[in-house]
Amino acid sequence: MLKKQLTIKIVLFLVLTDILETFTHLCFKKSALTGSGFNAQSFAGIFEFLSLVFSSPFVWLGLLTVLSIFIIWSSILSKIDLSVAVPIASFSYILVPLASIVYFHERISMLRWLGIFFILIGVIFVSLSSAEKESSLR
Amino acid sequence: MKEGLVFILFLIVITSICDTINQLFLKSAINSLGESLSFNLIKVIQFVFKLARLPRVWIGFLFSVLSLCIWLFVLSKVDLNFAFSVDSMHYIFIALASQLVLKERVGWRRWLGTLFIVVGIVIVSLN
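These protein sequence lines map, in sequence, to chains Z and L. With the working numbering as the guide, the letters of the first sequence map in order to residues 1 to 138. With the working numbering as the guide, the letters of the second sequence map in order to residues 1001 to 1127.
Hints are computed from structural coordinates only; laboratory data are not their basis. We treat Cβ as the ideally placed atom computed from N, Cα and C, and that holds for glycine. Misleading hints may appear alongside valid ones.
[To be verified] Now the in silico label distances, taken between C-beta atoms and shown as ranges:
#1 Z:F117 <-> L:I1059: 16 to 26 angstroms
#2 Z:I8 <-> L:W1058: 27 to 37 angstroms
#3 Z:V96 <-> L:G1034: 18 to 28 angstroms
[To be verified] Heads up, simulated DSS-like pairs for lysine-lysine below, C-alpha to C-alpha not over 25 angstroms straight-line:
#4 Z:K9 <-> L:K1050
#5 L:K1077 <-> L:K1043
#6 Z:K30 <-> L:K1103
#7 Z:K9 <-> L:K1077
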């Protein structure tokens, strides 16, 4: 039988995929900006937009990162439930603001702290639910 | 302008659904292999090659490409913050789909946690 236990190691790998994912989003946003003169009226417009986007090196850098995320992500999924892995991956919403405090000395508003607090509670509940499943199977 | 916003919201929902479908296909392919990996590089690479031979993974991949194309379009129109806060609903889709399709046991704790996360992400993204 498969063991589906959530370990610190898995959480760390989830966090790693998150950091990589944030990086891909930044790459994709940067490449999408090169094609902001987009018009959805015609198919020619769409192709023109896509060819502009794909000529940007950032989209390729993003895609390379997507490949490495896929490898890490599928090995994580071989160990735990999808409904546990996906919520816990939301940890990046906590890590990015914390990193921006430590490295960039940014100030975080009260409202944002509240949001971070909510996410943290959510992650704790989901982790607990994974432990609960483990014990009920035995 | 209002109509444009509704269209963008609709597109973000579509990307969320595509992402969910992609995850479902991937997870079901991984379940069908029935392996629990240790984080050993050679084993992981062998595993990924085995995975790449399953058609389900490629169907999921098509959905993620579709989702990426729509997402790129969405990002050219609205802020990343706004797009992310709407996209947070995909946590709910994932929980629903895991329960219904993959038959994972999503208990009240997991639902509550998921809802907390969605609320938290909306708060974090919108300010």
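Here's how the hints hold up against the structure:
At about 39 angstroms, the beta-carbon gap between Z:F117 and L:I1059 misses the expected band of 16 to 26 angstroms. For Z:I8 and L:W1058, the hinted distance range of 27 to 37 angstroms is satisfied, since their beta carbons lie about 33 angstroms from each other. The hint said 18 to 28 angstroms for the Cβ distance between Z:V96 and L:G1034, and at roughly 35 angstroms that hint is violated. As the CA atoms of Z:K9 and L:K1050 are separated by approximately 24 angstroms, the hinted pair is consistent with the 25 angstroms bound.
In summary, the hint linking L:K1077 to L:K1043 is not supported, as the alpha carbons are separated by about 42 angstroms, beyond the 25 angstroms threshold. Proximity of Z:K30 to L:K1103 is assessed by CA-CA distance (about 39 angstroms); at most 25 angstroms being required, the pair is judged violated. Between the alpha carbons of Z:K9 and L:K1077 the distance comes to roughly 38 angstroms, so the proposed pair goes past 25 angstroms and is violated.
In this structure, the hints that do not hold are numbers 1, 3, 5, 6 and 7, in rising order.
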